[in-house]
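Trainee: Below are the chains, spelled out letter by letter.
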Amino acid sequence: MFWRMVTRALLRQRSKRLLIALTVALGVSLSTAILSVMLDVGDKVNAELKTYGANIVIRPKGVAAVDDLYGQLETPAAQAMLAEADLGKIKTIFWAFNITDFAPFLEAKVSLRPEGAAEAVPVPAVGTWIAKELALPTGEDAIAGMRSMRSWWDVQGAWIADTDADTVMVGKTLAAEQGISVGDRVNLTYSGRSINARVAGIVDSGGAEDGQVIVPLTMLQRLIDKPGAVGRVEVSALTTPDNELARRAAKDPSSLSAQDWETWYCTAYVSAISYQIEEVIEGSVAKPVRQVAESEGLILEKTQLLMLLITALSLIGTALGIANLITASVMERAPEVGLMKALGATDRSVVGLVLTEIVLVGSLGGVLGYLAGLGLAQIIGASVFGSTIAFTPIVIPIVSVLVLGVILIGSIPSIRLLLSLRPAEVLHGR
Amino acid sequence: MAVENSGASRRRMYVRMVLRSLSRRRSRVVIALLAIAIGATTLTGLISIYTDIPRQMGRELRSYGANLVVIPDGKPVIDANVLPALDAAVGDGDGDLVGRAAYRYETVTINSQPVSAAGTDLDDVRAVRPYWQVSGAWPQAGEILVGRDVADQLGLATGESVTLAWSAGKKQGSDSDSTDEFTVSGVLDTGGSEDALVILERAGLEGLTGEVGAIDVVEYSVATSADQMSAIVTRITESTPGVAASPVKRLARSETTVLATLSSLLLLVTVIVLALTMITVATTMMAVVAERRAEIGLRKALGAENRSIIGEFLGEGMALGALGGLAGGIAGLGFAQVVSLNVFSRGIATDWTLVPIAVLASVAVTAVACIVPVRRAAYIEPAIVLRGE
Amino acid sequence: MNLLELRGVTKSYGDVHALRDVDLCVEPGEWLSIVGPSGSGKSTMMNIVGCMDSPTAGSVVLDGVDIASMNASGLAHARRNTIGLIFQKFHLVAHLSAVENVMVAQYYHSMPDQAEALAALARVGLGERASHLPSQLSGGEQQRVCIARALINYPKLVLADEPTGNLDEANELLVLDFFRQLHADGTTLIVVTHDPEVAALGDRQIVLNHGRIVRQIDNRANARVPVALTPPGGLS
Chain A
1 MFWRMVTRAL
11 LRQRSKRLLI
21 ALTVALGVSL
31 STAILSVMLD
41 VGDKVNAELK
51 TYGANIVIRP
61 KGVAAVDDLY
71 GQLETPAAQA
81 MLAEADLGKI
91 KTIFWAFNIT
101 DFAPFLEAKV
111 SLRPEGAAEA
121 VPVPAVGTWI
131 AKELALPTGE
141 DAIAGMRSMR
151 SWWDVQGAWI
161 ADTDADTVMV
171 GKTLAAEQGI
181 SVGDRVNLTY
191 SGRSINARVA
201 GIVDSGGAED
211 GQVIVPLTML
221 QRLIDKPGAV
231 GRVEVSALTT
241 PDNELARRAA
251 KDPSSLSAQD
261 WETWYCTAYV
271 SAISYQIEEV
281 IEGSVAKPVR
291 QVAESEGLIL
301 EKTQLLMLLI
311 TALSLIGTAL
321 GIANLITASV
331 MERAPEVGLM
341 KALGATDRSV
351 VGLVLTEIVL
361 VGSLGGVLGY
371 LAGLGLAQII
381 GASVFGSTIA
391 FTPIVIPIVS
401 VLVLGVILIG
411 SIPSIRLLLS
421 LRPAEVLHGR
Chain B
431 MAVENSGASR
441 RRMYVRMVLR
451 SLSRRRSRVV
461 IALLAIAIGA
471 TTLTGLISIY
481 TDIPRQMGRE
491 LRSYGANLVV
501 IPDGKPVIDA
511 NVLPALDAAV
521 GDGDGDLVGR
531 AAYRYETVTI
541 NSQPVSAAGT
551 DLDDVRAVRP
561 YWQVSGAWPQ
571 AGEILVGRDV
581 ADQLGLATGE
591 SVTLAWSAGK
601 KQGSDSDSTD
611 EFTVSGVLDT
621 GGSEDALVIL
631 ERAGLEGLTG
641 EVGAIDVVEY
651 SVATSADQMS
661 AIVTRITEST
671 PGVAASPVKR
681 LARSETTVLA
691 TLSSLLLLVT
701 VIVLALTMIT
711 VATTMMAVVA
721 ERRAEIGLRK
731 ALGAENRSII
741 GEFLGEGMAL
751 GALGGLAGGI
761 AGLGFAQVVS
771 LNVFSRGIAT
781 DWTLVPIAVL
791 ASVAVTAVAC
801 IVPVRRAAYI
811 EPAIVLRGE
Chain C
820 MNLLELRGVT
830 KSYGDVHALR
840 DVDLCVEPGE
850 WLSIVGPSGS
860 GKSTMMNIVG
870 CMDSPTAGSV
880 VLDGVDIASM
890 NASGLAHARR
900 NTIGLIFQKF
910 HLVAHLSAVE
920 NVMVAQYYHS
930 MPDQAEALAA
940 LARVGLGERA
950 SHLPSQLSGG
960 EQQRVCIARA
970 LINYPKLVLA
980 DEPTGNLDEA
990 NELLVLDFFR
1000 QLHADGTTLI
1010 VVTHDPEVAA
1020 LGDRQIVLNH
1030 GRIVRQIDNR
1040 ANARVPVALT
1050 PPGGLS
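For the protein sequence lines, the chains are A, B and C, in the order given.
Under the numbering used here, the letters of the first sequence match residues 1 to 430, in that order.
Under the numbering used here, the letters of the second sequence match residues 431 to 819, in that order.
Under the numbering used here, the letters of the third sequence match residues 820 to 1055, in that order.
Here chain A stands alone, though its shape is the one from the complex (with noise of 0.2 Å):
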């Protein structure tokens, strides 16, 4: 008899219905949308901000200082170095998924001479990847290098290949004051050995690289008689902004508790990062750019701030219209609910009853509301970031607990209210 009235109900009247369910699935649909993005922003806008390049640093244990900012360099021969054969297990830590990308670095101090020119330079040379392709221990595939770690370089001419013999790219800066162009050769020379090499390209990288000569790793190593030495290691990682515990743990992770250092290497700070690197790479020294590593800790936390508040505003403004509409139409069922009384239901039986149809028709609305928001917030990921937005299960039960708990703060009120009044009262329509 129950179902009887209920069905009976929601199939009379279905204009408010309606209107009721298409409400709750516009408030849905906003919090889905709202929320899913939200809890995937932080994920999208670190993604964004690799574009400034690496926020970790690999160097050998006991190096001697390198310069390479302001154009010193030392010469490689006291140097310790990284094994270039070891680079490959950074994509095998915990955090394995985290690094985006990483690019190995040689310099040295070589001697350049363009052909037909009667005097030889000296020039800082960078040995590295261009975009290598990695076979990993895992079974993965992965490309590193240069081109995506540079991003804001521009080549005139073409990029050099990991696999090229004898061409290099020459820095704007150098190359202008040396007079070379695209498809000029050069001749570099260390130590008694030579390459002759021509210009594929020149960079212009708005930084110290336009006063460098840059190639491919393997070239440099067979000139400078170091093969499979890299200097050290640029790493770009997806990171989680620093807290507290993550300060402590990079100042000294052997002053953590058990608990503490279990919680600080599953969490995907930098100086968890780093230490993980240290731990596959022998003999190496992995610290955060600071440069890199504060600033986007800095940028993340308050996009995610601002993308919080926006989603609570959201929020807020979805359950008072819910709420709104709600008190509204149990309001209006005033007479019913006398006439119910009047015939002798019991307060519960007609809580019960008012109850079941709104969140009958609140869930169908909640449904169809979630989905929409689901597609609302894939149109924000396409157009925005260019990428889907990660699916969250968390949503579901935020939601959902968002519209009952509305439906039921919006209802019981009001139908205590009605409860309350005098069956005559209500029937004779006050």
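Errors might be hidden in some of the hints.
As the list claims (entries may be wrong) - Result set (BS3-like, lysine-lysine): computed pairs, CA atoms no more than 25 Å apart in a straight line: (1) B:505 x A:172; (2) B:679 x A:172; (3) A:61 x A:89; (4) A:89 x A:226; (5) B:505 x A:50; (6) C:908 x A:16; (7) B:679 x B:505; (8) A:61 x A:226; (9) A:50 x A:109.
Stated by the list, open to error - Residues on chain A that point at chain B, a partial pick, calculated with CB under 8 Å: (10) 151; (11) 298; (12) 310; (13) 384; (14) 385.
What the hints contain is simulated information worked out from the structure, not anything from laboratory work.
Since this is a predicted model, take the numbers as computed values, not measurements.
Note that the Cβ used here is the ideal one computed from N, Cα and C, for glycine as well.
Use these hints to put chains B and C onto chain A, whose structure you have.
Mentor: Relative to the frame of chain A, chains B and C by itself:
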């Protein structure tokens, strides 16, 4: 019953009916006002955020460091005397000058080891490179800051006394060495190239070398758009001879990308939230109006024209729209201010023109939301409406 | 001349015939009672006479004007100027006071006049309660407000649909007394009722069943016309 008075009398009755409806139907009016206010809050709040937050985030992106670099052009160094002119050229316009630092680099020796030393104005550097982390203290006169790599290599610690030696032999014409004693005030750890430097006050370095007023690099941290940056570069080139200015490509590119992403995110979120909220406002208004079908039927039974009934409900709706729009519009500006203070610790420039826009939008949405159910009810025969009890 | 003439009036909803071929004449100043069980068509007739509905077929001439084929605007005009309506369920605007409810009728007719509205309320004995809301008035008082409202524009015809159906005895007597006054003043009254005692107060009664007039009783003549077999044209 003079005919001339009838118009005024009818207008008074119209106003009286609208006012009575708003004042004696408290719960309904509260519900409608609440819905409208929510819509208006969303409108002014999100639009304020969309227009101002990207600028604030751009300011935050300055934590990445200097985005404009000025180097000597055609001369070996920049003369310190041109700094004011440079500052003026950069500061002119509507960019936000966050900081400026001038550097002089010399190679010095510590314990016979060559080390790069950078002389600069340390207060300036803190503004331009906020990511510098110093364990110990920033150096005063007679003190130096040692980069992590140098400290490790030379075994230097905070509090130690070191002697910096500078050999003029590297310059043409002079042949004397000079030395100065400094105390290590702290160790700098950045993970970048600065870790290989020794940093001190420019005056201190000049005291060691005897060369005053020579600058190698001036860097600026300016929060501004890409177009403004080009304008700054042009101004510098035109106003100051002997220097070349260029934006730091790496930061300029990334900044543009990140801010564009943020802007488009805020835009899309604003559009979607606004659309859905406004529709909710409309449906709520429709529901509130639709329940007065009996009243509409009654008025029709009393002989009212459809136009008249629509006019009455429109009057109520627009009054509600204006009130709710005003309250919500102001609340929305408050919300944007709260967001700005919490996220950026800075206030937002309140754009009061958004409030009348919110009022207009609320009135428009409410008007449409009223008309639809009223028309529907009014065009039905009153008998049906009155009978449907 | 008859104030109201129905000729061959039929109202159908698809296959359902609410009224079938009804003929009726009402003289000015007459008090006509319409009786019948529920579903007999009396509400439909009420709606058609009250200019709230149009017949499917037939003519309805009210005060010399054929309202059967009028459009909505014309019907509204007729409602304003010629008819005063009293409903079973009071139908007052809940958020307007008694006097304001009366003024609403004035508003749509010509011009609201608070003094006149107050006087009308005084005539039904509600002078003291003019500023009360319907929720503050008893059922009987609410019905009296409706009467005041129905009469404020001096309508030629007053239509009452079960005017005492929701009232207690005391209030019923009051309202019926008032109708007597109206009748004495020469107002034409049509009262739809299920209560035979109320029906007997009228000059004439017609009985509806299944959409037809099956019986007419002339109370003035104090005679009863024999059962059934009423000629199709009705009696006038």
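Trainee: Taking the hints in turn, state whether each one holds.
Mentor: Going through the hints against the structure:
1. B:505 x A:172: 19 Å, holds
2. B:679 x A:172: 14 Å, holds
3. A:61 x A:89: 18 Å, holds
4. A:89 x A:226: 21 Å, holds
5. B:505 x A:50: 37 Å, violated
6. C:908 x A:16: 24 Å, holds
7. B:679 x B:505: 24 Å, holds
8. A:61 x A:226: 18 Å, holds
9. A:50 x A:109: 30 Å, violated
10. 151: Interface hint status for residue 151 of chain A: holds (7 Å vs cutoff 8 Å).
11. 298: Since the shortest Cβ distance to chain B is 5 Å, the answer is holds.
12. 310: Because about 6 Å separates residue 310 of chain A from the closest Cβ in chain B, which is inside the 8 Å limit, the hint holds.
13. 384: 5 Å, holds
14. 385: 7 Å, holds
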